[in-house]
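J.: Those protein sequence lines, which keep their order, are chains V, A, L and P. With full-length UniProt numbering applied, the first sequence corresponds to residues 1 to 336, in that order. With full-length UniProt numbering applied, the second sequence corresponds to residues 1 to 336, in that order. With full-length UniProt numbering applied, the third sequence corresponds to residues 1 to 336, in that order. With full-length UniProt numbering applied, the fourth sequence corresponds to residues 1 to 336, in that order.
Derived from the structure by calculation, the hints contain no laboratory data. Keep in mind that the hints are not guaranteed to be accurate.
It does not matter which identical chain is used: a pair holds within one copy or between any two.
As the list claims (entries may be wrong) - With a cut-off of at most 20 Å between alpha-carbon atoms, the simulated EDC-like pairs for lysine to aspartate or glutamate come out as follows:
#1 Lys245 to Glu60
#2 Lys140 to Glu34
#3 Lys230 to Glu246
#4 Lys167 to Glu81
#5 Lys230 to Glu35
#6 Lys230 to Glu209
#7 Lys167 to Glu198
#8 Lys107 to Glu292
#9 Lys199 to Asp233
#10 Lys151 to Glu332
#11 Lys140 to Glu208
#12 Lys166 to Glu187
#13 Lys167 to Glu187
#14 Lys151 to Asp323
#15 Lys230 to Glu133
#16 Lys151 to Asp221
#17 Lys140 to Glu214
#18 Lys151 to Glu187
#19 Lys245 to Asp119
#20 Lys166 to Asp217
#21 Lys167 to Glu246
#22 Lys166 to Asp233
#23 Lys199 to Glu188
#24 Lys199 to Asp323
#25 Lys242 to Asp221
#26 Lys167 to Glu214
#27 Lys151 to Glu188
#28 Lys167 to Glu188
#29 Lys166 to Glu188
Protein chains: 4
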Amino acid sequence: MTYVSFPDTRKMDFTAIGRLCIDLNANEINRPMEETMTFTKYVGGSPANITIGMSRLGMETAFIGKIANDQMGRFINSYLERNGIDTSNVVTDDTGAVTGLAFTEIKSPTDCSILMYRDHVADLLLQSREVQEQLIADSKVLLISGTALAKSPSREAVFQALAYAKKHGTIIVFDLDYRPYTWTSAEETAVYYNLAAEKCDIILGTREEFDMMETFDHNPDHSDQVTAQKWFDFSAKIVIIKHGKEGSIAYTGEGLSHQADSYPARVVKTFGAGDSYAAGFLYGLMQGWTIERSMAFGSAAASIVISSHSCSDAMPTVEQVNDYIERCNRGEITVS
Amino acid sequence: MTYVSFPDTRKMDFTAIGRLCIDLNANEINRPMEETMTFTKYVGGSPANITIGMSRLGMETAFIGKIANDQMGRFINSYLERNGIDTSNVVTDDTGAVTGLAFTEIKSPTDCSILMYRDHVADLLLQSREVQEQLIADSKVLLISGTALAKSPSREAVFQALAYAKKHGTIIVFDLDYRPYTWTSAEETAVYYNLAAEKCDIILGTREEFDMMETFDHNPDHSDQVTAQKWFDFSAKIVIIKHGKEGSIAYTGEGLSHQADSYPARVVKTFGAGDSYAAGFLYGLMQGWTIERSMAFGSAAASIVISSHSCSDAMPTVEQVNDYIERCNRGEITVS
Amino acid sequence: MTYVSFPDTRKMDFTAIGRLCIDLNANEINRPMEETMTFTKYVGGSPANITIGMSRLGMETAFIGKIANDQMGRFINSYLERNGIDTSNVVTDDTGAVTGLAFTEIKSPTDCSILMYRDHVADLLLQSREVQEQLIADSKVLLISGTALAKSPSREAVFQALAYAKKHGTIIVFDLDYRPYTWTSAEETAVYYNLAAEKCDIILGTREEFDMMETFDHNPDHSDQVTAQKWFDFSAKIVIIKHGKEGSIAYTGEGLSHQADSYPARVVKTFGAGDSYAAGFLYGLMQGWTIERSMAFGSAAASIVISSHSCSDAMPTVEQVNDYIERCNRGEITVS
Amino acid sequence: MTYVSFPDTRKMDFTAIGRLCIDLNANEINRPMEETMTFTKYVGGSPANITIGMSRLGMETAFIGKIANDQMGRFINSYLERNGIDTSNVVTDDTGAVTGLAFTEIKSPTDCSILMYRDHVADLLLQSREVQEQLIADSKVLLISGTALAKSPSREAVFQALAYAKKHGTIIVFDLDYRPYTWTSAEETAVYYNLAAEKCDIILGTREEFDMMETFDHNPDHSDQVTAQKWFDFSAKIVIIKHGKEGSIAYTGEGLSHQADSYPARVVKTFGAGDSYAAGFLYGLMQGWTIERSMAFGSAAASIVISSHSCSDAMPTVEQVNDYIERCNRGEITVS
């Protein structure tokens, strides 16, 4: 059955709003960053990664965001364009802001961390008046990312994008993507995440992220059912709660929960797993696939990305995902 | 007919959240402030004034707010208590914030202005975690004031109060009270005013305030009907749009508009007219009166306040309002 | 003997730079401010008070400062002008800053406190480029006040004024006037106070203020001699250290210390004592009087001011000081 | 003759205070940064580079600064220690500050630029109370760098270090190193640079940097003689004014100017030229060499560094400098 009805006649499949930044991935891995000497530059940021992923999967995509007026900003813009993403609503900052940076440290496949530069970054300076209503009206899906809610004026830009999406019936996806270091307090985060989530059709996040959103609620057992039902009482059709290694569960309004097997991977690092999963899952849903098949497709896309050095650059095509699934099914890929 | 059903069995009639400050009213009036030498101190702030007004009218009232840990803060708290207002949710700041000040200048009855001190004020430091859910659950009405949305963390405190009110079925009144000097931009204001207004049952504001809220909308003729209908599509039951000297119009969901005559006054200054009107109108509504009768009662209360030197201190009792109406009807009070 | 040689041929006797603000003095005294209802407005700020004092004593005076573009700022400017003070270097702020306020509370003649409004005040926004070199070159004395060092850009304006004064041989007086609430830390204060004091000819402050300046020094016994000698090694000729009720001691380069009796007063409040003392003392010094006589004259001026409700408005003329001294000598004035 | 007498019996030759940061040098050179994909990490910051240079030249060195509590900060600290620099006064920040970054772009040997990350950096958070008086008392030379004056509390830490150096007779070197992007205005910069320069024995800067310092002065012809004389009237013994390609001129108190030939180089980039020059020149001066010989030695050190990919890592030993000079003298090195 169909849980979400996408407005099929629109020219743009997928538009995301939010963070655009630079990943600087250590070339020397399996050691602390104190000992790495060289870094490779990639476009990063969760909504950027998902959009690149959707574009690689053949979707018509666009991005709403703000870049610094410097070499890093121009690199981001040209990378998006080379990947077929519409950048007509990617605005250039004129106040001297910088591009957010994420230096990644891969001590081991399971011990990865990030050193962030998030002061005075351009992406958080997107203004509500800079969001193009027509682009959202022309899109089947608008994806918002929680990090863009962290500061004014980006926060207001996201709420205005939500208002446009509600007005025009664009399906709204909320990727929680909670990064505590850009927020003042968990309470502040919970208030704005809740205000945004009320308006969303599909919500994806970890159990810990939903716990943060329930700061003012009563859910002592951290029940997924209680969490999901809260959002069904607003606008949600699908709520996906991720439980780390135990896998993700998709809840739908009828009280059903859905799960899918994941695929093995020779893990290099864990970064990018969620973004590639989100792209694969949404792609499947927009093809009219079942939730289970969409989840499996997302899992395979995630396995490809975590086997690679980069996030954005490793986002697979449909053929690559299908090929990976087939190789897994033939037993050719096993956990390293 | 009844437009709003109040949850009648609750012990608290009316609770407001927001600004608490000090008015310093020039004792020497009808001259510029450069020439005034002495000032008298009153409790001020729109939601504080309305709450004092409701209390004078015999309602059980409470306030949710934050005061400075100084002589001004303690004066405010003791004044509220002397007026029978529950201050159990009036929190004292511990960060060195000051009390907001409003020096009033009365050059003539129609030429009044305010000199504001709003930097680092305690009232804008109320935190979401400090808002008592039980107090809102026990109240028939929660009034929010737009100025409390101007800055974090007070902004989040208001949104959390709205969440509690929605959860418990408390009737929500939104007094727009837009003061540009505490806001970054009209766009920022519009985004948060709209997010708040979506959840409100009764909205009161001037045509100019509603225009600001429509920054991102299309209402080229500034049509009251278009404005009111927008909010009826969310939660509103009554939208009151004030047109200055031409009077106020109340819109209700059925497409009806309501108006009432105003009462003459020997005007000293115009400050406080809106607050006393709001108190009188809400009082009437909570008595089950018609909208017209409630509006008339509010108008009479406003006429009393603008004939006086203070705002909060001049808020009338029911007897005083009725007496004023009778004297007007007998022709004893005419415009000065 | 003469300790300081003033450049006598200049047209301006005395120019001060720094804080201009408004005192709001409680009219109802001998009670906590929670219970005072009316306030009277005066010009305030230590360097403003001293300048008004010097002008009342017949000196040619000027002020270098910044006022808010509002009624309070205009009141200050007109009050200075009415008192014969040159305001050609009193600049009006154009950024929306406010006038600093000081609400005074007089619980008893010996228990007085101040409630300050110092956020976003105009006086701390004076810029170095706004300081007129010619005015300082034309003045016999430049007085700086420590509060003006508390924040940029006022801090830089004071250092630039000091540079001009050194260049032109203007005698520099430093009134320490340390107010902790406008400073980040005692260390920050000590650094800038020391940098400024190195360039000054006359330094006046309390023992506690000099202790703060010695944060990084070694003066375990809080020895006045050690303190004074430090500044004689730089530029100082006279260092006055105030010991509250025990009186003030003036140190001079030759290792001498000077003291003078004080005069009785029927004390209303203690505010303004230091400012009137400074004006009287400097007046005497500029007349070529001995240090002892100058100190006595300052003490008499102080006794007059603390017997009055205001600070600035109570600054006496030469005749009033002389008359007060005579009445004290005749035993007509005794401690209340 | 000897222009500066160093206090020769101290155990530490050279201590610097100020900026510690990370250079990220593009590995792919001669192209815009939009097209560079990988970067190599080095320790950077002008005073850090000079200290590393002094250490390579065999001097006993120490550093006074603050590092972030992260992988970048720990890398800096361990690099300094590996280079024999005393880090006992390198403090670790505990407020979540980041390490300053400088991405270098080498479009051509003569077209180099830097993309700076200077928001919320640890080095500007050094506090005056963290500066160790004993270390400065034990050092022959204290070098201060202008960038450390850009913000509080680092600004106060530098002024306190200057106070300690004056107290103990440590020779003070001021490397102007003016970077406009961290300053509010040229006026603010001029005020603090002048306050610092008054106390310095040796001042090195470009003509443009001295012009900035003369914002409030009268030197319409940008005369080096006027500039140098200003500082001789305070504490300076040597003032070096750099005129880019036309070379540097050293002025000494007796009205003499000194110049030295520079050495050819196969230039990769121009970064680091000034830092290696400063290290070489000061090394020579501390050996008791003539100013001309010291300048020549500095020039050769600079030629070595600009022929290399890095700054700090390329700082030469005495043998390398002497060898380079000999090879130049034999005509083995010519401009590329």
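J.: Now, for every hint given, state plainly whether the structure supports it.
T.: Hints, one by one, checked against the model:
1. Lys245 to Glu60: Classified as neither; 32 Å inside a copy, 54 Å across copies.
2. Lys140 to Glu34: neither (45 Å within a copy, 32 Å between copies)
3. Lys230 to Glu246: Classified as neither; 23 Å inside a copy, 45 Å across copies.
4. Lys167 to Glu81: neither (28 Å within a copy, 46 Å between copies)
5. Lys230 to Glu35: neither (47 Å within a copy, 48 Å between copies)
6. Lys230 to Glu209: within (15 Å within a copy, 33 Å between copies)
7. Lys167 to Glu198: Answer is both: 14 Å inside a copy and 13 Å across each meet the 20 Å cutoff.
8. Lys107 to Glu292: neither (34 Å within a copy, 52 Å between copies)
9. Lys199 to Asp233: Both, since 11 Å and 15 Å are each at most 20 Å.
10. Lys151 to Glu332: Close neither inside one copy (46 Å) nor across copies (57 Å); limit 20 Å.
11. Lys140 to Glu208: Neither: 29 Å inside a copy, 35 Å across copies.
12. Lys166 to Glu187: Between copies, since 18 Å is at most 20 Å while 26 Å is not.
13. Lys167 to Glu187: between (29 Å within a copy, 18 Å between copies)
14. Lys151 to Asp323: For Lys151 and Asp323, the Cα distance exceeds 20 Å both inside one copy (41 Å) and across copies (52 Å).
15. Lys230 to Glu133: So Lys230 and Glu133 pass the 20 Å test across copies only (18 Å; inside, 29 Å).
16. Lys151 to Asp221: Result: close neither inside a copy nor across copies, 31 Å intra and 34 Å inter.
17. Lys140 to Glu214: neither (29 Å within a copy, 25 Å between copies)
18. Lys151 to Glu187: Cα proximity of Lys151 and Glu187: in one copy and across copies (14 Å, 15 Å).
19. Lys245 to Asp119: This pair counts as neither: shortest intra-copy Cα distance 32 Å, inter-copy 37 Å.
20. Lys166 to Asp217: For Lys166 and Asp217, only the inter-copy Cα distance (13 Å) is at most 20 Å; the intra-copy one is 25 Å.
21. Lys167 to Glu246: For Lys167 and Glu246, neither the intra-copy (38 Å) nor the inter-copy (33 Å) Cα distance is at most 20 Å.
22. Lys166 to Asp233: both (16 Å within a copy, 13 Å between copies)
23. Lys199 to Glu188: Intra 18 Å, inter 19 Å, cutoff 20 Å: intra and inter.
24. Lys199 to Asp323: neither (37 Å within a copy, 49 Å between copies)
25. Lys242 to Asp221: within (16 Å within a copy, 49 Å between copies)
26. Lys167 to Glu214: between (27 Å within a copy, 14 Å between copies)
27. Lys151 to Glu188: both (10 Å within a copy, 12 Å between copies)
28. Lys167 to Glu188: between (26 Å within a copy, 19 Å between copies)
29. Lys166 to Glu188: For Lys166 and Glu188, the Cα distance is within 20 Å only across copies (19 Å; inside one copy 24 Å).
In summary, the structure is inconsistent with hints 1, 2, 3, 4, 5, 8, 10, 11, 14, 16, 17, 19, 21 and 24 from the numbered list given earlier, while agreeing with the others.
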